[in-house]
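Input sequences plus hints: build the corresponding full structure.
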Amino acid sequence: MAELIEIDRVPEIFVMEYGGNYYLVRGAAYLDQILFGKEALEIPILIQSVNTWEEVLLNWENTGGSMPWILNPGIVERMERDNCKLTTTSFNA
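Numbering (my numbering), first residue to last: 1 to 93.
Rather than coming from a laboratory, the hints here were simulated on the basis of the structure.
Cut-off 25 Å, straight-line C-alpha distance, at most; resulting in silico cross-link-like pairs (SDA-like, lysine to any residue):
#	residue 1	residue 2
1	Lys38	Gly74
2	Lys38	Glu12
3	Lys38	Pro11
4	Lys38	Pro73
5	Lys38	Ile75
6	Lys38	Asn72
7	Lys38	Glu77
8	Lys38	Glu80
Distance ranges between label pairs, derived from CB positions:
#	residue 1	residue 2	range
9	Arg81	Ser49	14 to 24 Å
10	Glu61	Lys38	30 to 40 Å
11	Arg78	Ala28	10 to 20 Å
12	Glu17	Glu61	15 to 25 Å
Owing to the predicted nature of the structure, the values given are computational and were not obtained by experimental measurement.
All residues carry an ideal CB built from backbone N, CA and C; glycine is no exception.
Here you go:
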């Protein structure tokens, strides 16, 4: 069963990893900054691995956003290196 994360407890930027791909579930307002990465974002980023595509869609629908953006793994690596990254082990949603 897909797990819904309470959106009011999730940072402004929420990335879900499923099947080796990364999806921007929340944070489309920061998309240009994420893609071009000229400077670090000054807000936390939550990156969470999930087991099903349904979890990605359920949580994306909960944000009220457009379809999740797929992110290049290199961009996610840069985000992890340059920003305050939270994971499911450091973030209790």
